[in-house]
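Given two chains presented individually in distinct reference frames, assemble the corresponding complex, making use of the accompanying hints.
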Amino acid sequence: MSSWRPTPALVRACLLGLGGVSLGIVLGQEVLAVLGAPFVVLAAAGLAGRPHRSPQVASRLDHRRLHEGQGATSRLDVDDLAGVEHVTRVAAHAAHVAASPTYGAVGSLADRGLPTIDFSPRRWGRRAVGAERVALTSPWAGWRWGPVHLPETSLVVLPRTAPYDTRAEVPQPDGLVGRHRSRRVGSGSEFEGIRPFATGDRLKRINWPVSLRTGELHVVTTRAEQDAGVWLLVDALRDIGVSGGIDGRASTLDLTVRAAAALAEHHVRTGDRVGLLVVAANGARVPLGSGPRHLQRLLGTLARIRTDARSTPPERLDLGTESGSVVHVLSPMLFTPLVTATASLQRGGTSVVVVDTLGDALTQLDGADRLALPSLAMRMQKIERDDRLRRLAALGAPVVPWRGPGTLDTVLHQLSRRAQVPRVRA
Amino acid sequence: MRLLRPGVVPSEVVLRALLLVLPCAALALALPEVPHGLVVAGVVLSAASWAWFPDHPVGVAPLALVAGWWAVHDVVDWRLLVVGVLLTTAHVVATVVSYGPPTLAIDPRLARLWLARGGLALVPLPVTWLAVRGLDPRLAPSWLWLLAGATAVALLVVTARLVRPEQS
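Line by line, the protein sequences are chains S and P. Just so you know, we're using this note's numbering here: the first sequence kicks off at 1 and counts up by one. Just so you know, we're using this note's numbering here: the second sequence kicks off at 1001 and counts up by one.
If we strip away everything but chain P, and leave its shape as in the complex, we get (with noise of 0.2 Å):
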């Protein structure tokens, strides 16, 4: 009995493995602390829709339901970065895979050049903290709270115009 549907390569299997394995990794971080089974489930499940779907907008909620566990939590020690750089290579190497059907090679020079991409990716990770580690929220002036929500909310107007499509 096949296992694969023909013409599928290897490489995309362990990729699309790794959708599976990272979001649920991140979340495994948190033990002995057990997260709540719905969370558990819920990541799990996500996690085997995207590796089966990279292509799709479904990708978001494992990602989105392991950081917001995390955030609930309240966890800012050494195990956060440790979930960053799951998360962000869940992300690239969804991308990679989301580049064609399961039956296309994944072409050597592009994974090369997502690595370097993910690692970019990766910079602001420790910067941000060691930012929100070292310093303290309550001594920054309250215009820059305004100025950072002001900033926040322009983004995403900017964003939202920005992936509208073109009109043809």
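Chain S extracted, bound-state conformation (with noise of 0.2 Å):
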């Protein structure tokens, strides 16, 4: 608990001035008395603003769960500012988090509010943000209370959804209702054909010009549309490179979380049932679901991920996916079990689509020694990790880096496609 306290300067008008002016009747030093005339003043002033009550002080963040990039306000609450003239923040720096200003650091005059700090996640996750110092001053700067430190609050920040949309279907569209065109004939709006009138067809459906014509009742037929399971599965086993928030470059774990959520909005949006397998240390599974609050869980699972944890690849991948279901794999693939399990869950019939999310994270940057051993290994792990990417690719999943929109256009075409065959079952 904080009290009111003289400040330095009031200790030092006091000294001066009481104490010259003393020094000066007192020894007869006239000198002292006439210097130390204007601290008197500025001691008296000092003194007599003194205020008597303690308050109690709380800052509140606006927004406590944010996209990247955007901002949210630090406000102070004070219960009594009788007596207080001048109130001084200064936030502590939290990593990933840009404040404004800058160094966290603002002051200003009581009667004119007070003093706001803007603070804005640069990177998805949990951010501890808030946490700062906090004093009063009294008037004529004669009292201070404070600095009292006030706890921080952890911010939920939400992956950026990169700007991603796609006009491919998903290959094997399998639920009632959604905007996929189905292949079978049911209660849609895509025109399928017109043939003639069967008991049960509702009377709306009659195409009277066809009928007139033909002097038989004939209807529209129109395709189902249907949603489908799509299943997104983020590999946080790792995290390589070095994020600069949305600023700067990205890390493999930035463009996995931000592609994911990119794919969950347009899945969601489109009407289909999204699920999430996080495969990592604190690994977490949303089962599939649909809708604005789905979405927003999926989201909060993936700024759940840790960056910082490291754990090994599973051996198998049981998602417990239905038949036509797609299994989008977000992985920057440097793990060979990883590899193999996506390889099983391609194997056993599941449209898999491997999203590759290495992105600049082992480009060597100029005017690196390229015979440092850094370098060489990195060098290797790149050559190994294309080698699983063709194997993988050779076994029918294909592999697209993520570029944002219209990355999975013409991978999804080729599966609706190659879904659309007639296959013969042993």
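No lab work stands behind these hints, which were simulated from the structure alone. One or more of the hints may lead you astray.
Which stretches of chain P does chain S cover? Using the computed rule of at least three CB atoms under 8 Å from a CB of chain S, they are [to be verified]:
#1 1028-1034
#2 1120-1126
Quick list of the computed label-pair ranges, beta carbon to beta carbon [claimed, not checked]:
#3 Ala1111/P / Gly244/S: 33 to 41 Å
#4 Val1157/P / Leu27/S: 15 to 23 Å
#5 Ala372/S / Pro1108/P: 49 to 57 Å
#6 Ala48/S / Trp1143/P: 23 to 31 Å
#7 Leu1115/P / Thr102/S: 46 to 54 Å
#8 Gly248/S / Val1158/P: 56 to 64 Å
#9 His149/S / Ala1150/P: 43 to 51 Å
#10 Val1158/P / Gln56/S: 26 to 34 Å
For every residue, glycine included, the Cβ atom is placed at its ideal position computed from N, Cα and C.
This is the structure:
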């Protein structure tokens, strides 16, 4: 608990003012009396402005859940501003969080409102912001309350959904409702054909021009519209590369999480059911679901991925997928067990698309020594990875590097065509 | 190479430089009479410390040293007025700087407020200077000195009582 204490400025004014004048009178030193006179005024004004109540101070953030790049304002609440002339706030630096003012120090006279600090998280995840020191100063800078330490607040930063859109359909839609065109005839809106009326057909589907021309009742048939089950498999085993937040370079995990967020948003918006499996030490699994609330759940799960965690890759992936589901494996594919597990999924009949999220993480920097040990190791790792991806592609699992909008168009079109080819079951 | 720590605002640097310069300038007014080397060293070192830690009681030292030197030499000419202005300005500058860390930009409204306060604090300076120059203390009745002494002691006691932190 803090209390109002005299500032060094007041102590200085008292010593020089009262001490100077007293010594001047007692010792007959006229110079001390003259030099001390201005300090008497400053000391008297400072002493007179002493506040008597100890205020309660708290800070609060406008928003606790943000996307990368969005901003929240930290506001200060002081229950009693009587006797407070100036308020100073100094926020502690938080990793991947930009502050305004840049160094988190802000102060203002209390009659103009309490100072605010703006925070803007630059990277997804959980960010601790709001740890700060607050000091209140009385008129004439005589008394100071604090600085007191205010605790930090946890901020959930959702990944920024990179602009992503695709017009490609998922290969095998199998749900009941949605925006994907089905191969089955049903009560959708897409024209399929015209056929003679049969018992049970709805009257509103009768096509009167054709019926009049042919002399028989004909109805319009349409294709059903279906949704699809889409699984997002996020490889959070390692974070390779340096993250510069949304303004700088992206690490592998940055690319993975942002791509997953973009895909999740796209598919949920399309009406598909989306599930999520995070492969990590603190892995998480979100079952298939749809709707805006489900999207928030998916994004929240992605935001909880820890970037500092290291774990071993699984030998097999058990998604519990239904036939017709599509699995997007978002990974830099640097670990053989994960590649093997993906291949097993593909062999099991699931439509697997590998979204390569390595990005520039293994790109050699300009000026780096190509023969240095780290450079050699990096190149070897890249060669091994490329070989694994080639073998995976040979099994029929397309591998596409993440490039934002339209990344999966071609691949999904090909998968759709492949799914429409009649199969002979053993 | 960076001369300043990241985030330190230029206005803060200027004001801190003033904290070093002003007490030294107040002592330099004594030229051509050169103060004792220890006094000069004390003022420069303490002023430098004050410039580094403006919110520290060390700020009393350069002001007291300068005032003490002028008191010992009993100079009551025009230079005393200038010394008074310089010392008061240094105190006000230190007060403005001590509102926050070096990364805190100086609020222009706060600076204007303290400019006015500094001007107000300087009002008694010429008055006391004129009184010291124009009045003969030998003509004052003896009770006046007793009263002044008692008032000074009372003020010191009241101040000491006031600056004691309240028990919360």
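Hint check:
1. 1028-1034: This one is violated; 0 residues, fewer than the three required, reach chain S with a Cβ under 8 Å.
2. 1120-1126: Since 6 is at least three, the answer is holds.
3. Ala1111/P / Gly244/S: 33 to 41 Å: 37 Å Cβ-Cβ, so the 33 to 41 Å window holds.
4. Val1157/P / Leu27/S: 15 to 23 Å: holds, 19 Å
5. Ala372/S / Pro1108/P: 49 to 57 Å: Taking Cβ atoms as reference, Ala372/S and Pro1108/P lie about 53 Å apart, which means the hint holds.
6. Ala48/S / Trp1143/P: 23 to 31 Å: For Ala48/S and Trp1143/P the Cβ distance comes to about 29 Å; the hint holds.
7. Leu1115/P / Thr102/S: 46 to 54 Å: This hint is violated: roughly 27 Å between Cβ atoms.
8. Gly248/S / Val1158/P: 56 to 64 Å: holds, 60 Å
9. His149/S / Ala1150/P: 43 to 51 Å: At roughly 45 Å between Cβ atoms, Ala1150/P and His149/S fall inside 43 to 51 Å, so the hint holds.
10. Val1158/P / Gln56/S: 26 to 34 Å: Distance hint for Val1158/P, Gln56/S holds at roughly 30 Å.
Violation of the numbered hints given earlier is confined to hints 1, 7; the remaining hints are satisfied by the structure.
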